[in-house]
Amino acid sequence: MKVVIDAERCQGHGRCFSLAPGIFEFDDLGNGVVIGDGTLTDETIELARLAQSNCPEHAISIEESA
Amino acid sequence: MTDKQPVKDFATDWDHTDPQWVDDPYPIWEDLRGRCPVAHTERFNGGWFPATHEMVSAIANDTEHFTSRMVVVVNEKHPPDELPAPIGGAPPITSDPPFHQIARRLLLPAFAPGPVNALEPQIRALCSRLLDAVADKESLDGASDYAQFIPPGVIARMLGFPEQDEDLFREFVHLVLDLVDLPTEEREPLFEPMTAYFDAQIEDHRLNPRDDVTSYLLNAEINGEKLAIEHIRGTMVLILVAGIDTTWSAIGSSIWHLATHPDDLARLVNEPELMPLAVEEFLRFYAPVTMARLVNDDLDFYGAAMKKDDWILLGFPAANRDPAAFKDADKFVIDRLENRHLAFGLGIHRCAGSNLARLELRVAIEEFIKRYPRFELSGQDVTWAQGQVRGPRSIPLRVVA
Chain A
165 MKVVIDAERC
175 QGHGRCFSLA
185 PGIFEFDDLG
195 NGVVIGDGTL
205 TDETIELARL
215 AQSNCPEHAI
225 SIEESA
Chain B
39 MTDKQPVKDF
49 ATDWDHTDPQ
59 WVDDPYPIWE
69 DLRGRCPVAH
79 TERFNGGWFP
89 ATHEMVSAIA
99 NDTEHFTSRM
109 VVVVNEKHPP
119 DELPAPIGGA
129 PPITSDPPFH
139 QIARRLLLPA
149 FAPGPVNALE
159 PQIRALCSRL
169 LDAVADKESL
179 DGASDYAQFI
189 PPGVIARMLG
199 FPEQDEDLFR
209 EFVHLVLDLV
219 DLPTEEREPL
229 FEPMTAYFDA
239 QIEDHRLNPR
249 DDVTSYLLNA
259 EINGEKLAIE
269 HIRGTMVLIL
279 VAGIDTTWSA
289 IGSSIWHLAT
299 HPDDLARLVN
309 EPELMPLAVE
319 EFLRFYAPVT
329 MARLVNDDLD
339 FYGAAMKKDD
349 WILLGFPAAN
359 RDPAAFKDAD
369 KFVIDRLENR
379 HLAFGLGIHR
389 CAGSNLARLE
399 LRVAIEEFIK
409 RYPRFELSGQ
419 DVTWAQGQVR
429 GPRSIPLRVV
439 A
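Heads up: the sequence lines are chains A and B, in that order.
172 is the number that the numbering used here gives to position 8 of the first sequence; each next residue is one higher, with no gaps.
58 is the number that the numbering used here gives to position 20 of the second sequence; each next residue is one higher, with no gaps.
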């Protein structure tokens with residue numbers, strides 16, 4: 165499973181990298197960016213879901229494939 | 039200040055400066071959500087108040103039909119050509135696309151988490167100093183002894199303005215946010231000292247550049263050209279006005295909540311790891327900021343026949359209490375896990391200072407409860423600010439042994 169940020173939707177609320185700093189970081193403008201390729205493990209999936217359910221712009225999605 | 043009639047029905051005659059709204063707006067919003075849902079008023083030369091999360095989101099994301107040219111509801115509206123187009127009075131909050139994005143991209147790096155997080159030790163030291171100053175008092179005021187001094191100190195540092203000018207900043211904020219009922223001809227001249235102050239600071243920074251946001255704005259360029267003086271001044275107004283009352287209000291409301299909810303206070307003291315979730319719930323439940331828009335052209339919106347230049351009072355705090363968007367919306371849940379609150383707005387105008395505000399709020403609460411793990415209200419005379427920024431201006435507290 166992979167977590168993805170839709171850069172078109174992200175407005176830099178900063179909820180993802182505050183709640184799940186191991187999965188997300190921020191760019192120079194303060195927008196959220198996925199660290200690495202976003203592959204989730206059993207340990208990180210819940211944190212990724214937490215970030216997803218706190219993004220006011222609904223910019224985070226978790227892809228079930230591969 | 040005003041001889042207005044009290045509101046009898048907020049659905050047809052809303053007024054966010056009415057004492058009932060100022061004192062406790064939440065039942066009013068709940069009532070409007072149930073029966074309007076877009077409330078109307080003829081006051082302020084006509085406007086609308088959408089009370090649901092869905093409508094607030096729709097307007098925040100629709101910059102085609104709703105302009106940000108004016109974001110504070112006053113009695114008279116400027117025609118578009120009175121402002122230095124395309125900048126707007128306080129860019130980028132008063133700017134529309136496409137200029138908005140240019141002005142915003144320019145400002146965002148200064149308020150990104152990197153530079154903002156570097157301020158944490160200074161903010162903590164400031165909070166600690168303020169608490170030291172009242173350490174010997176048996177009672178203290180969480181707003182006027184503590185919360186109100188934190189954002190001005192931080193903003194002064196960011197802009198590189200003298201910290202001893204804090205009282206002036208509060209006057210400027212009061213002028214922009216509170217004196218909205220004055221007729222334009224009385225209100226406009228009051229802005230002259232603020233403009234003169236900014237010009238003096240700009241001149242000082244031209245002569246003595248330093249590492250702060252003012253020098254950053256003076257050096258910044260758009261398409262190879264330095265920013266217009268109106269742009270720099272306008273952004274200073276934005277940073278001061280948007281950075282002071284708002285955060286002060288959020289800190290104050292949070293302290294008020296903890297003073298009146300001992301269970302939540304005890305949990306936060308005993309489980310400091312809850313702080314990140316608690317901060318977001320403070321922001322949702324007590325979101326201080328309501329914005330405004332103007333309608334660009336006649337429009338049917340959820341059955342409301344909106345006219346060009348009607349006000350929209352954009353109630354992010356009301357959206358945050360909408361049960362259609364939040365489970366147990368009317369309950370403060372200190373460890374709420376799903377919390378897509380709109381305290382910092384939504385869409386392209388998301389509060390540029392949100393990282394700073396969140397940091398100040400967290401540090402202010404951490405330092406306060408570290409010093410005072412138990413406290414309660416010592417009187418009922420809590421007063422709430424009138425207007426589009428809601429927060430307690432006085433929170434008399436008694437420290438519990």
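Bear in mind the hints are in silico, worked out from the structure with no lab data behind them.
Note that the Cβ used here is the ideal one computed from N, Cα and C, for glycine as well.
Check before you lean on any hint, since a few could be wrong.
If you only want the chain B side, here are some residues facing chain A, beta carbon under 10 Å, derived [unchecked claim]: (1) Ser95; (2) Arg142; (3) Val154; (4) Glu309; (5) Leu312; (6) Pro314; (7) Gly385; (8) Ala390; (9) Ser392.
Minimum Cβ distance from Val154 (chain B) to chain A below 10 Å?
-> Status holds, d = 8 Å.
Does the interface hint hold: is Leu312 (chain B) within less than 10 Å of chain A, judged Cβ to Cβ?
-> violated (13 Å)
Hint check, Glu309 (chain B) versus chain A [nearest Cβ-Cβ separation less than 10 Å] = For Glu309 (chain B), the interface hint is violated, since the closest Cβ of chain A sits about 16 Å away, which is over 10 Å.
How about Ala390 (chain B): closest beta carbon in chain A under 10 Å, or not?
-> holds (8 Å)
Hint check: 10 Å Cβ-Cβ cutoff, Ser95 (chain B) to chain A | Constraint on Ser95 (chain B) satisfied, holds at 9 Å.
Proposed interface contact between Arg142 (chain B) and chain A, which counts if any beta carbon pair is under 10 Å | Since the shortest Cβ distance to chain A is 9 Å, the answer is holds.
Regarding the hint that Pro314 (chain B) lies at the interface with chain A, is the smallest CB-CB distance below 10 Å?
-> holds (6 Å)
If you take the shortest Cβ to Cβ gap from Gly385 (chain B) to chain A, is it below 10 Å?
-> Status holds, d = 6 Å.
Interface hint outcome for Ser392 (chain B) [beta carbon to chain A under 10 Å] = With a minimum Cβ separation of about 6 Å from chain A (threshold 10 Å), the hint on Ser392 (chain B) holds.
Against the hints set out earlier in the document, violations occur for numbers 4 and 5.
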